[in-house]
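J.: Here is how the chains run, residue by residue.
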Amino acid sequence: MSEVLHRDEARERAPRSGLHRIRLVRPRVWAWAVAVVLLLAFPFYLDRFWLEAGLFAMAAAIGAIGINLLTGATGQLSMGHAFFLAVGAYGYCVLAADGGDGLTGLGLPTWLAAVLAVLVAGLAGGLFSPISGRLSGAYLGIATLALVFIGQHIMFNAHDLTGGANGRDVPPLSLFGLTFDDREIDVAAVPFGSAEKLWYAGLVLLAACALFARGVLRGRPGRAMNAIRDHRIAAGVLGVPVARHRAAVFVLSSMYAGLAGVLLALVFQRTVPDYFGITLSLDYLAMIVIGGLGSVSGAVAGAAFVSLLPQVLTRYSDTLPLVSAPGTDGIAPGEAARYLYGAAVVLVVLFLPGGLTGAVVRRRARTRSARTHPGEER
Amino acid sequence: MNRTNRANRMNRVNRASRVNGALAARAAAGVLAAALVLAGCSSKAKDDGDKAAAGGMKTGEGISGKTITLGALTDMSGVYATLGKSVTQAQQLYVKQLNAAGGVCGYKVELTIRDHGYDPQKAVSGYTELEPNVLGFVQFIGSPFVAAVKKRIDGQDKDLVLPQAWSATLLGSPYIRVIGSTYDLETINAVDFLMREKGLKKGDRIGHVYFEGDYGENALVGSEHMAKEAGLTVVQQKIKATDNDMTAQVAALKKAGVKAIVLSAGPRQAASLVGVAAASGFNVPIIGNNSAFAPQLLATEAGPALMKNYYVASPSLPIGADTPEAKKLVADYKAAYPKDSLDNGIVAGWTAASAFGEALKKACASKDLTREGVDKALLSIDSFDMGFGTTQDFSDPAAASSRESVILKPDKNVTGGMKVVRQAGASKAAQEYTPAS
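As you go down the protein sequences, you meet chains A and B in turn.
Take the first sequence: its position 71, counted from the start at 1, is 70 in numbering that gives the first Met the number 0, and no numbers get skipped.
Take the second sequence: its position 212, counted from the start at 1, is 211 in numbering that gives the first Met the number 0, and no numbers get skipped.
Hints in this document: simulated from the structure, not taken from any laboratory.
Heads up, the beta-carbon is just placed ideally off N, CA and C, and yes, glycines get one too.
Treat the hints with care, as some may be off.
Each computed DMTMM-like pair below joins lysine to aspartate or glutamate, with the alpha-carbon atoms no more than 25 Å apart [stated by the list, open to error]:
id, chain 1, residue 1, chain 2, residue 2
1, B, K157, A, D159
2, B, K150, A, D185
3, B, K227, A, D180
Derived CB-CB ranges, DEER-like [as the list claims (entries may be wrong)]:
id, chain 1, residue 1, chain 2, residue 2, range
4, A, D185, B, K366, 30 to 38 Å
5, B, D339, A, V344, 25 to 33 Å
6, A, V344, B, N243, 26 to 34 Å
7, A, A343, B, S172, 38 to 46 Å
8, A, A34, B, N243, 47 to 55 Å
9, B, E371, A, V344, 55 to 63 Å
Some, not all, of what chain B presents toward chain A, calculated at C-beta under 10 Å [to be verified]:
id, residue
10, Y117
11, P119
12, P143
Please put together the full structure from these sequences, using the hints given.
T.: Below, the structure written as structure tokens:
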């Protein structure tokens, strides 16, 4: 730990003492290393509550990367993200369950079911492509809004598939003989339940999803997507097949949502239709706006912010100022959490255009330009 | 230190970032190894020692020193906010009085309350947060969320949970105990009332307007069962919780020629259904489940119609009942929360808290305040009367704790806005009914 402090000091001193560029790169690498170590060590120290909160954030991050590819990078507004999450979550249940609870279940190996559920979500996105390829912006937003309502209607009523209002149990994932359920395994004397085990699965999935999306965004498809967002006609003139790209990115975004749905279902251990409502779709839009449109890191930062903030506020509601104990006059903890969440969203949008990561990038760019042109104002 | 040396060496190494990355990875591996060793000292690491038994009392989770902590997962900012507030305040009142009277054999009881706002994610994480620190839950609003953590409750937690929901789908677990009659039984009793006292007879059609989801569907099971037993035909009208205007439903039921209507929805739907039916001269008796009424409705335009033609089936006497217990509760509640209205959520919360309190007292008497001890104590309670008309029998986890319902009628001159028209009782059909699951 002392080394970390040392590095941080070095970072602070660097610009003033005019050290070379490399000194500035290194702290970043170190920060990454520390972050990775911390993330890997968390299950050994944190309570199940925090691990679960972290897992919700990871699942949200995967979903947010997906919608950021669509909305942030390609400029296609989607209000139907919750629908595709639901397809992933319920798809996994239907494919993996053995039908022991009287509901439809195909009894596939769970890892295969997880992969297929993501593909099913992609397929659902593909079926929507005649619409998603043609419509743009707000029009697509309204069209996808319908998906959420249709989806919830099905979830409440297709009892054999979804279990109705009370949802259905999620079979635990098994991979290479390791089952991600609540049977405890002791690792270094720490009992590992489902949250601890899933933590690592979540990290791996998130890292893979983030790297893949980064690859897409930095390569030819990413440039084509940005071109479509910035000027559709110009992109068409340049030879970008606009409709095909729109449809393809919609499918990709649906698959990300499907994977997020599978991970969420595994964390919840039960899929409940109430969850996949319109507010969930709006939350995802809030995530990418807060985090920063069009980038992977923005999606991850926004997802962490949006899904952790209410949890933290509710958890510490007792100790927050101005919040009264339930049953007395004043603001109830739950309400206070919402006010603060709303205020945070407004503040970010007002003062950090470009979102949380946008602010970081701008600051970095400013210091860099100051370094290269020492005379310029900072 | 070896690592410091390596870090120093790193400073001198060529500045290509690839080299940097490799070194960082090596350093990370080193730190990770150290972290794994340190994990042994984590507070999460298992310690095998049992909790010392103080004074021969066996204790476990949720008890520290002389305090018993109970959890309450409520909804004070979501769709069930009014119910959640009444239930929670009644339970806080119960706990306050219990502690003032000396607590549970010397132990003080404390409530930890989390407001989930009817959000599945917050509800599940609220449970996860509180579970390790509480003995059980006196309140858990939202049967989908109870179902979501059911596997954990039955599997490893084994803590007593009293949901504020009356769906028969929650029955069967020895740890999740529904208090009072479930919606299917309540609906059977309601239809029985219509047949006995409101002239509904064999061969008639009966309308059933119900919410999609757990509550409405469970109530529908009851009316379908009763229809089969008594030779009625049910005309179904499924609605969503967001449907507030019942004009279409009234028109459809009028056209179908129903002789009575059962309503398994919320207070708003009750006001609309009864009001629209009265306005269009469709004067059939309408009976609702206990959630389909709120005293505030009597101040609306639908008030007179409600007082004329509307009945409510309830698992217990209303808050304004004429028993000493009810009168005392009303007086105490008014003193503690002078600004809040009196409704049946208070009775529900109070009943649940006193059932839990009773179980705690019994568990304490047999010197076992562990979760297992409390579960066992509740199973041994087979005739518990809190002064609200019905006796509760908790000895069979597969059955509802009571098969009785009280039939109420809105009346604005009574405390809580409801008066009793038929005392607690279980119809023959309700007594013979076994929920199919």
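J.: Classify the hint on P119(B) as holds or violated, based on whether any CB of chain A lies nearer than 10 Å to its CB.
T.: holds, 4 Å
J.: Return the status of the interface hint for Y117(B): holds when the least beta-carbon distance to chain A is below 10 Å, violated otherwise.
T.: holds, 7 Å
J.: Would you settle whether the hint for P143(B) is holds or violated, based on the nearest Cβ-Cβ distance to chain A being less than 10 Å?
T.: Holds - the Cβ of P143(B) comes within 10 Å of chain A, reaching about 5 Å at its closest.
J.: Mind checking the alpha carbons of K157(B) and D159(A) for me, to see if they're no more than 25 Å apart?
T.: Violated. K157(B) to D159(A) sits at ~29 Å, over the 25 Å cutoff.
J.: Within 25 to 33 Å or not, the Cβ separation of D339(B) and V344(A)?
T.: Holds - the Cβ-Cβ distance for D339(B) and V344(A), about 32 Å, lies within 25 to 33 Å.
J.: Holds or violated: 30 to 38 Å for the Cβ distance of D185(A) and K366(B)?
T.: 32 Å Cβ-Cβ, so the 30 to 38 Å window holds.
J.: Taking the Cβ atom of E371(B) and the Cβ atom of V344(A), is their distance within the range 55 to 63 Å?
T.: violated, 46 Å
J.: Quick one, are K150(B) and D185(A) close enough, alpha carbons at most 25 Å?
T.: holds, 21 Å
J.: Against the 25 Å threshold, does the CA-CA distance of K227(B) and D180(A) hold or violate the hint?
T.: Roughly 43 Å between the alpha carbons, so the hint for K227(B) and D180(A) is violated.
J.: If you check the beta carbons of V344(A) and N243(B), does the distance land in 26 to 34 Å?
T.: Given range 26 to 34 Å: holds, Cβ gap about 29 Å.
J.: Is it true that A343(A) and S172(B) lie within 38 to 46 Å of each other by Cβ?
T.: At roughly 39 Å between Cβ atoms, S172(B) and A343(A) fall inside 38 to 46 Å, so the hint holds.
J.: Return holds or violated for the Cβ distance of A34(A) and N243(B) against the range 47 to 55 Å.
T.: Distance hint for A34(A), N243(B) holds at roughly 49 Å.
The earlier numbered hints that this structure contradicts are 1, 3 and 9.
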